[in-house]
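**Student:** Protein chains in written order, with the numbering used here: chain A, 1 to 278; chain B, 279 to 876.
Derived from the structure by calculation, the hints contain no laboratory data.
Cβ coordinates follow ideal geometry from the N, Cα and C atoms, glycine included.
Keep in mind that a hint or two might mislead.
Stated by the list, open to error - Quick list of the computed label-pair ranges, beta carbon to beta carbon:
1) Ser548(B) x Phe57(A): 38 to 48 Å
2) Lys270(A) x Val527(B): 28 to 38 Å
3) Asn132(A) x Phe794(B): 49 to 59 Å
4) Lys89(A) x Pro858(B): 18 to 28 Å
5) Tyr615(B) x Phe57(A): 55 to 65 Å
6) Lys89(A) x Gly860(B): 12 to 22 Å
7) Val129(A) x Leu353(B): 53 to 63 Å
8) Phe57(A) x Arg786(B): 21 to 31 Å
9) Pro43(A) x Arg786(B): 18 to 28 Å
10) Tyr615(B) x Val158(A): 34 to 44 Å
11) Pro43(A) x Pro629(B): 19 to 29 Å
12) Pro774(B) x Val129(A): 47 to 57 Å
What the hints assert, rightly or not - Below are the DSBU-like pairs computed for lysine-lysine, each with C-alpha atoms no more than 35 Å apart in a straight line:
13) Lys270(A) x Lys163(A)
14) Lys453(B) x Lys163(A)
15) Lys89(A) x Lys453(B)
16) Lys119(A) x Lys240(A)
17) Lys119(A) x Lys163(A)
18) Lys17(A) x Lys119(A)
19) Lys265(A) x Lys155(A)
20) Lys240(A) x Lys494(B)
21) Lys453(B) x Lys346(B)
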Amino acid sequence: MFRPTILTPGVEKAVGKLFAAAVAVIALVSAGVFLSHTWWLPPDYSTLGLEIDNQVFETMIFTGTLFVAAQLALAAFVLQASGRTSDIKLFPGGPMPLVALATVIVGLEVLSLVFVGTKVWANIFLAPVEANAVHIDVQAGQFAFYFRYAGPDGKFGVPHPEKIDEGNSNFFGLDPQNDTAARDDIVSASLVVPVDRPILLTMHSKDVGHSLFIPQMRLQQDFVPGLIIPVHFTATGLTKTEIVCTQLCGLGHYNMRAYLEVLSKDDFAKWLTDQAGQ
Amino acid sequence: MVTVSALLSEHPPAESHHHAPEGWIRKYVFSLDHKVIGKQYLGLGLVAVLTGMVLSWIMRYHLAFPDKPVPLIGLIAPTFAAGGVITPEFYLQLMTMHGTIMVFFVLTTAPFAGFGNFVLPLQIGAEDMAFPRFNMMSFWVTFVAFVVLVAAFFVPDGPPLSGWTAYAPLSAVGKGAGPGEGLGQSLWVVSIGIFCIGQLLGSLNFIATTLDLRTKGMTLARLPYSTWAWFITAMIGLIAFSVLLPACVLLLLDRVAGTSFFIPAGLVVSDAMQPHSGGSPLLWQHLFWFFGHPEVYIAIVPGFGIVSTILPAVCRKPHLGPRVLIACLLAIAGLSYMVWGHHMFLSGMSPTSATLFSVPTLIITIPAAIITLLWLGTIYGSKLRLTTAALFCLGFVSVFVTGGLSGFFLSQPSIDTYLHGTYFVVGHFHFVMGVAAMFGIFAGTYFWFPKMFGRMMNETLGKWHFALTFLGVYATFMPMHWLGLEGNVRRYSSFPADYMHGSLALHRFITFAALFLGAAQLIFLVNLLWSRLRGPAAPENPWEATTLEWSTTSPPPFDNFGGVHPVVSHGPNEYGVASPHGDYIMQIDPPTAAPAAA
């Protein structure tokens, strides 16, 4: 009869050893790189970051343990079974202990991740913004972000899409001739914020979908045309960092970037004054 | 061993519903034979995967060496890449076509329509699919869809750049949104719409065939696990594609008929006010992902079935917990419709919904974990024969574990807040959906090739193919998780000097690994070709397996069982038991054979 393998039991055992070794080395090296933090989250400058980073860390420990355990079990079982000539051994207890194991271990972890994760998520997106927040209006368009501050009067002018004229720097379609609130609006290509003070962003797009991602603030949110999406955060340290677009928006997507500058309270007030005077 | 030839000598042949086709066209082109159609789907998948892979090489080369022209591409595509220079828009066009070709024309066609068409009727003892003409139509409709998609390379401005998800309004407002968003995007929408029709025809056919054409004794409890998987996949596909099809129609209407299903008022694109109002970009996202997430399972569930069919045969041991396995597959299918919103945590939909979508996404890991443990429990204490098909099954378990576990991060909205839109997502879905499904395809190819072509594949080449592929896969896709943790953003054609330039070394490593991985596939191609022409003749049952396809000749006759309707007396899981022909009982063996040990 045709034998479905060209290998003798001895060579088959050797192939099993090679496979087991490869799986074990891949699992341990991969886990080691994760543990070494050679490539890891950037420094955190936000009040949200600690909870998110802790959630990442807890998930990493859980999934990392399962990853190494499952890969080593696969390696060990293949090592044990390849080239084996003695009678087969059924798994002790049949499938139900494994069903229980998976349900209990994964289920408990799922419950814990949901419980903690929901709290973190709620703090980001469901918690009301504090009354003293600095309100900044953000508009995304192919392929730039623009940030608008209300100016000394504390009121935003009403945007009119049909009046958008980028050639004349009217990025938001403001109508200062007829709208007094629009006259002192400050428009910046950078997001400048004060440290330790809540920031409320109201995000909208003028053309297609975009996304605002500030890794150091652990903040990411899509712009959806037709919607005004509020999101808030608080920076905890002085920094200058990048804002990038993460929603595919067209040929210039890769270059749609801006900077976030976190200033001291006084420097921020000075910056606002300077901008208002221009 | 009971074979068809033995049965024929004892029983008069049953009257066949079909007559063998005459003429080359009816036999090999517009064939009604499920076996030919299965091979046609696999052939289409092979052409598609080679196309998609070459596109990915160009992208990877450009990411690693953004300042250097890509060799040869300037000659092949002078319009888009003059002098081999990859422009940002061409990069996105390559990316869009890579994703679309791989997801639709490889991961959907090969594991489900390809292997399912060839094997399912054989495994249930049927002569053909329930609706052979629909079956033929489903392939040719799919073929037309592929031609329409590839045609986008040959129109002015080229293919679309909006990604395989074609998010509106980028995909809806027309050519003002960017190169390829004119005719190229329209061709994309039409292609996917046509593709849906093909898949709906196929899904209906699979369901009707499984329910109606099972031979005598082939109860649902005796169905082979691969047939269960294709049956469940067909049920997933029937609902998923019936949502994507109207979504594509609406998108096309927005593009050409002035409707506004997905385009809101007040948009200014390329300095032009858009004449639309009242639409919702989120509606497209909901419709797309209502299809898109089940699509992940359309790609991977057939792989589950293939692995669960091959593992007992190579382990010489019954599959652990077969009823639990089927229950888990059904649970995954049901849950797959409750999780689409995890692709949209940051889309602007209600933050409360995110929690609702997160919970079933995490819960779906429980049946997936159970299935993985069942595979490990099956391997434990077995008499493992390390054929190439076995190695790809073991590799499937490894990469599925890896990809599945990284999903834990992305299923939590609070972590997705950081990782969404980064290379972490790319690494995750390539492992769990792309590579795992491809390993299922490779396992299926090495396992069923003898039945398809009557020749054995070369096992030495097969093992080299597996070894290099396995190493290449981890070297290519594992580092993408590290890039993602750093915040490296996906879908960027290059990283400007002051942004993410520190990741360039890792990107270069990934590129070399991807080229290595691609080169390893040449071994597979050589093996396919050589074995098809020169491989040793295959016996009826080279793997000593139990299911019905191994009870007929290799390759099977036109009506599959030579005019005999096989009678099934056993389940597919009877390995490790003494019988007249070895340590297994075939499904076709008479009931007097020794009872199963497990």
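**Student:** Looking at the structure, which of the earlier hints fail to hold?
**Tutor:** Hints 2, 5, 12, 15, 17, 18, 20 are the ones this structure does not satisfy, whereas the remaining hints hold.
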